[in-house]
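Engineer: Generate coordinates for the entire structure from the input sequences, incorporating the hints supplied.
Protein chains: 2
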Amino acid sequence: MAETYDVLKLENQLCFPLYACAKEIVRIYRPFLDEIGLTYTQYIAMMVLWEKKQVSVKELGEFLYLDSGTLTPVLKKLEQKGYIKRCRSKEDERVLIVTLTESGEELKKQAVEIPTQMGKCVALDEEEARTLYRLLYKILNA
Amino acid sequence: MAETYDVLKLENQLCFPLYACAKEIVRIYRPFLDEIGLTYTQYIAMMVLWEKKQVSVKELGEFLYLDSGTLTPVLKKLEQKGYIKRCRSKEDERVLIVTLTESGEELKKQAVEIPTQMGKCVALDEEEARTLYRLLYKILNA
DNA sequence: CTTCTATTCATTGTATACAATTAAATTTTG
DNA sequence: CAAAATTTAATTGTATACAATGAATAGAAG
Numbered sequence: 001m002a003e004t005y006d007v008l009k010l011e012n013q014l015c016f017p018l019y020a021c022a023k024e025i026v027r028i029y030r031p032f033l034d035e036i037g038l039t040y041t042q043y044i045a046m047m048v049l050w051e052k053k054q055v056s057v058k059e060l061g062e063f064l065y066l067d068s069g070t071l072t073p074v075l076k077k078l079e080q081k082g083y084i085k086r087c088r089s090k091e092d093e094r095v096l097i098v099t100l101t102e103s104g105e106e107l108k109k110q111a112v113e114i115p116t117q118m119g120k121c122v123a124l125d126e127e128e129a130r131t132l133y134r135l136l137y138k139i140l141n142a
Numbered sequence: 001m002a003e004t005y006d007v008l009k010l011e012n013q014l015c016f017p018l019y020a021c022a023k024e025i026v027r028i029y030r031p032f033l034d035e036i037g038l039t040y041t042q043y044i045a046m047m048v049l050w051e052k053k054q055v056s057v058k059e060l061g062e063f064l065y066l067d068s069g070t071l072t073p074v075l076k077k078l079e080q081k082g083y084i085k086r087c088r089s090k091e092d093e094r095v096l097i098v099t100l101t102e103s104g105e106e107l108k109k110q111a112v113e114i115p116t117q118m119g120k121c122v123a124l125d126e127e128e129a130r131t132l133y134r135l136l137y138k139i140l141n142a
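Chains as they are written, first to last, in my numbering: chain A, 1 to 142; chain B, 1 to 142.
Note that these hints are calculated values from the structure, not bench results.
Please note that a few of the clues may not be correct.
[As the list claims (entries may be wrong)] Where chain A lies over chain B, by a calculated footprint (3+ residues, C-beta under 8 Å):
1) 11 to 24
2) 44 to 54
3) 101 to 113
4) 126 to 135
[Claimed, not checked] Computed from the model, here is a short list of chain A residues facing chain B with C-beta under 10 Å:
5) 5
6) 18
7) 21
8) 46
9) 66
10) 122
11) 131
C-beta atoms are modelled at their ideal positions from N, C-alpha and C, and glycine is treated no differently.
Structural biologist: Structure representation (structure tokens):
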């Protein structure tokens, strides 16, 4: 017989496995990312730059679902490491343009092994992974 | 034609929608949790206590996938609010026992509406939600 | 042209997360 | 039993996240 408060049980929540799983994935990433000296947030920022070569902070924030409060310190770290450059746009001084450096491009070669190694650590087959992917984006795009 | 570096695109990652989706869900929770004055982490800790009435920090950490470094400040906050009590175990002084108070039990009555309201905010039907749930726990239990 | 508004990023303050270390209590071992 | 190893929380240090605010620039309106 269902109790009134059963909805409040952790096991009946969808939010909780989502929250826990996201942390778990980042935890599995850690040893791989340690090898190239990046944190997870730095890594996903670099992923955008490896693809786009150049983006504004605003665009980067839209891709990553992060705001300048989070991105500013992350980008300053990546600049310190020499992987990116941060320059104000000539056309609009409000805009900060982030550009991939040679060194940042080099890092890509080391990072390319990571997704495959990560894939082996996740207990889903191809079909399940695609389904999960689709459902997550269905929530994200709503 | 697939490029060598395509695996590094954000859109080809499973980890990223997981990470973004978890944050998105917490963001959707915020206005509901604001009404009862809890953060998301405080909320999931209370969910365990609403069910168990009493747990050690270690047990709580196992349920929530969190360590004492995260839980200690969260539990001190909940104690300040009067929803829990923190006492050392008589049998084993190393163990800290967290107990739900009357006030904490009262809070449950206000919280019980939240899961239903959240359900309406997530763009999945029953079947999809069950599938997502199953896949997430498959990863978590691996 | 000038004031008002909007945009973009940085800063501030609060709250997680988690690795690594510390401290205290308990258990195991020789 | 006494020393060593283990267990449990708390603490410390680093890195996110994000709301709210601030500061500078750009655009719109009169």
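Engineer: Each hint: holds or not?
Structural biologist: Status of the hints after comparison with the structure:
no., hint, in the structure
1, 11 to 24, "holds (count 13)"
2, 44 to 54, "holds (count 5)"
3, 101 to 113, "holds (count 3)"
4, 126 to 135, "holds (count 6)"
5, 5, "holds (6 Å)"
6, 18, "holds (5 Å)"
7, 21, "holds (5 Å)"
8, 46, "holds (9 Å)"
9, 66, "holds (9 Å)"
10, 122, "holds (6 Å)"
11, 131, "holds (6 Å)"
When each numbered hint is compared with the structure, no violation occurs for any of them.
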